[in-house]
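Trainee: Sequence:
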Amino acid sequence: MTVYKLPFGLYLRRGSPGLFEKYKVEAHTLRMVEQFTSIPAPRVIDVLSTPRFSYLLLTRVPGRPIGPMISVMTDEQLEQVVVDLKRYVAELRKMPKNVGELQICNSQGGGVLDWRIPDSQREELRFETEKHFNKYLTDPFWDEIRSRAAVSHNIPHDIVFTHGDLNPRNILAENGKITGIVDWENAGWFPEYWEYTKAHYSVRSLIRWLADVVDRVFEGYRDELIVENMLSDLLGPF
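Position 64 of the sequence shown, counted from 1, bears residue number 64 in the UniProt record's numbering, the numbering being contiguous throughout.
Misleading hints may appear alongside valid ones.
The calculated lysine-lysine pairs, modelled on DSSO-like cross-linking and capped at a C-alpha distance of 27 Å, are [stated by the list, open to error]:
1) K5 <-> K177
2) K5 <-> K86
3) K22 <-> K97
Rather than coming from a laboratory, the hints here were simulated on the basis of the structure.
None of these values were measured; they are calculated from a predicted model.
Could you build all of it, start to finish, from the sequences and the hints given here?
Mentor: See the structure below:
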């Protein structure tokens, strides 16, 4: 996949024809976000496919990735980031669900796409219940690991709409304020803790981001985090 910065505040993603369905799902997600939330996200201009390429044309949102700014932000600015991110997550979780009986799926009711779940790149993975989802996550492991995972997997969770990759690369900021949230390809309906544990995934070294922002935006999922860290570490890198 290649991303081109175009005039008039536009970005163009170009990928193989096989990415067309994924581009359509992300476009649908972004239209839902635009309709039901106040989140500053890219707007979809068009999505199309040719025999050689697939394209997703989006508007640009202002700002730069927040990651490099964290160490120099004031406490007041970081507090504002927490407040804004809490509000945006709450808005996502209130979005109406129109995907039939399925519980865990993408915005259109199809298979999820998530870097935490390597097979989601190759298979149509969607789940009727959280129990089925949990079974899938723990199937590769032995009984001891399944028993340890049950600490959080036996707790019923609300299934809510989730960005799925809220890391500092995908949150844009300017003058200490969030100006955009980008890269919605992993979005879908997941257990409520998934946004929190995925926010820890691959950024565990960014202590101030995790301790001063993520852990304050999401509260009450420490057992789920311990289990997810264990399972993802055992599964190995994507």
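Trainee: Does each hint fit the structure? Answer for all of them.
Mentor: How the hints compare with the structure:
1. K5 <-> K177: 23 Å, holds
2. K5 <-> K86: 30 Å, violated
3. K22 <-> K97: 19 Å, holds
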